[in-house]
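2 protein chains.
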Amino acid sequence: MSTVLAAGAAVVDFVFQLDEAPSRSEKHRARDAAIVGGGCAANAAVAVARLGGQAILAARMGDDVIGDMILSDLEKENVDCSLVKRFEGRRSSYSSVIVDPDGERSIVNFRDNEIDFGGSWLETLDLPAFDVALADTRWPDGARVAMQAAKKRGVPGVIDGEAPVREAQVALDMASHIAFSRAGLHDFVGDDDTEAALRRASEETGAWVCVTEGEDGVRWLDGGVMRHLPAFKVTAVDTLGAGDVWHGAFALSLAQGKAEQEAIRFASAASAIKCQRFGGRSGTPSACDVELFLKENS
Amino acid sequence: MSTVLAAGAAVVDFVFQLDEAPSRSEKHRARDAAIVGGGCAANAAVAVARLGGQAILAARMGDDVIGDMILSDLEKENVDCSLVKRFEGRRSSYSSVIVDPDGERSIVNFRDNEIDFGGSWLETLDLPAFDVALADTRWPDGARVAMQAAKKRGVPGVIDGEAPVREAQVALDMASHIAFSRAGLHDFVGDDDTEAALRRASEETGAWVCVTEGEDGVRWLDGGVMRHLPAFKVTAVDTLGAGDVWHGAFALSLAQGKAEQEAIRFASAASAIKCQRFGGRSGTPSACDVELFLKENS
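Residue numbers (numbering that gives the first Met the number 0), protein chains in the order written: chain A, 0 to 297; chain B, 0 to 297.
These are calculated hints, taken from the structure and not from any lab test. Careful, some of the hints might be misleading.
The calculated lysine-lysine pairs, modelled on DSBU-like cross-linking and capped at a C-alpha distance of 35 angstroms, are [claimed, not checked]: (1) 84/B - 75/A; (2) 26/A - 26/B; (3) 151/B - 75/A; (4) 84/A - 257/A; (5) 151/A - 151/B; (6) 232/A - 257/A; (7) 84/A - 75/B; (8) 75/B - 75/A; (9) 232/A - 150/B; (10) 150/B - 75/A; (11) 150/B - 26/B.
Since this is a predicted model, take the numbers as computed values, not measurements.
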């Protein structure tokens with residue numbers, strides 16, 4: 000089984016659906032609510048596991064009841080949490096996500112800045128075998144350790160290039176693949192057009208680079224040639240976690256030995272299916288769902 | 000020790016403090032956050048326990064992790080939770096409370112409407128001895144059972160008269176004391192002036208009635224005569240749960256055999272102290288705090 004090591008954020012989201020737009024100093028009754036695990040790395044790890052891979056999560060948490068909730072959910076999803084470190088007396092991250100009737104989301108996130116940002120504890124561990132490392136920019140030093148380990152093993156190291164990207168500069172310089180969001184690419188190289196920006200990012204990092212642009216699909220450089228895969232046409236009901244599903248599916252595809260173009264197609268299908276389902280990452284599809292979707296949409 | 004039976008809501012609030020007013024479709028990082036137990040009856044029960052009484056809570060919850068959090072907190076506060084019923088496969092109530100820099104609160108609450116609203120399961124239990132029953136209008140049939148049990152025992156039955164009040168009509172008709180909020184009194188008798196409204200509420204219910212008006216203090220009818228206790232002058236930093244502390248302290252005072260006027264004074268002091276402390280009901284004072292405050296403010 001192909002294994003992905005995912006390093007970064009693991010949180011829990013309290014998601015409320017409202018029938019009206021929320022307003023200041025008022026009390027609203029939610030039409031529905033859900034407690035959904037979140038965080039870039041954790042969502043990607045769940046995607047890897049659901050899509051038939053083995054996911055190992057490296058993350059930092061507090062030793063509180065919120066941390067218990069996060070871990071218990073990840074374990075139900077068959078994510079290997081042996082590289083999760085819990086910090087004594089510290090608090091895990093959680094968010095309030097308020098979704099109004101137009102699908103607009105207002106997110107308020109809490110994180111405990113007293114948890115050590117360093118990744119050296121991860122470096123000292125005897126890491127298990129893996130086929131691809133994936134990291135986000137929310138935990139730059141963890142990303143560094145993950146990319147370093149991938150390089151040492153001679154396997155792909157993928158960065159989810161979300162702003163602020165420069166904070167993870169050391170990791171970027173070691174990555175073999177960087178998948179920018181539109182905002183991440185803009186943050187990284189300034190306000191060039193997409194093609195020029197991708198070329199600059201490629202030159203600077205030496206990595207294979209792409210940019211995921213939601214409804215506008217994915218653009219990437221293929222041996223110096225600009226390529227584009229349009230997005231699958233779906234009716235999105237909830238985009239929460241869709242980007243993370245994309246990164247998990249992309250990393251897993253590389254781990255399975257697929258070429259980048261095929262990996263992009265698989266990841267875009269997985270992400271499109273997720274967007275059609277309410278409830279954050281709980282809407283992550285299985286490998287079978289994606290195969291069926293690709294058959295129906297080719 | 001004087002015992003108060005409190006029937007009604009028990010929830011948990013996820014409270015986020017922001018440095019800016021929250022806006023739609025944006026992501027905010029909270030300056031601080033707290034997980035605080037809430038719900039009218041639960042807050043009042045905690046106040047009773049902290050103020051030196053024995054509190055028994057009757058409430059409905061799901062058998063989920065949120066329910067575990069609520070109960071574990073109440074047990075730490077020495078609230079007797081033997082009359083809490085947990086419903087299989089159902090979900091407990093929780094809220095997101097976003098406090099902006101001006102102290103304005105935006106609350107979004109979820110409750111599982113699949114939990115049976117009936118109170119007959121409480122009626123069939125062999126209720127322990129108590130000196131006062133307190134109930135809110137959020138669980139009308141539970142309020143009915145609590146008021147009925149108080150009447151049968153010949154002890155005071157106090158209703159926290161928050162809108163919508165008429166839903167708890169049966170309970171109101173059995174109550175010996177009703178403490179309306181301003182909105183609750185308005186909802187109950189329409190838009191009369193306060194004195195006329197209180198007289199109409201008194202005539203209709205036959206109960207002792209008062210209205211708590213926050214910074215404007217408390218007004219009540221004393222043998223047909225309108226009385227007023229101004230609020231204590233404090234700098235409020237967080238009013239979350241202050242009304243519930245008032246009701247718990249008022250009910251406990253009656254349970255201790257105090258007259259209404261003295262109970263109002265004690266409750267208003269307890270509530271004023273709470274307003275000076277951040278963190279919802281975690282700022283509920285002890286009996287000693289209240290005595291000191293009353294000495295300093297008389």
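Hint check:
1. 84/B - 75/A: 27 angstroms, holds
2. 26/A - 26/B: 20 angstroms, holds
3. 151/B - 75/A: With a Cα-Cα distance of about 50 angstroms, the restraint between residue 151/B and residue 75/A is violated, given a limit of 35 angstroms.
4. 84/A - 257/A: 32 angstroms, holds
5. 151/A - 151/B: 78 angstroms, violated
6. 232/A - 257/A: 24 angstroms, holds
7. 84/A - 75/B: This hinted pair holds, its Cα atoms lying about 27 angstroms apart.
8. 75/B - 75/A: Measuring from Cα to Cα gives roughly 29 angstroms; hence the hint holds.
9. 232/A - 150/B: Given that 35 angstroms is the threshold and the Cα spacing comes to 65 angstroms, the pair is violated.
10. 150/B - 75/A: At roughly 50 angstroms apart (the allowed maximum being 35 angstroms), residue 75/A and residue 150/B break the hint.
11. 150/B - 26/B: 52 angstroms, violated
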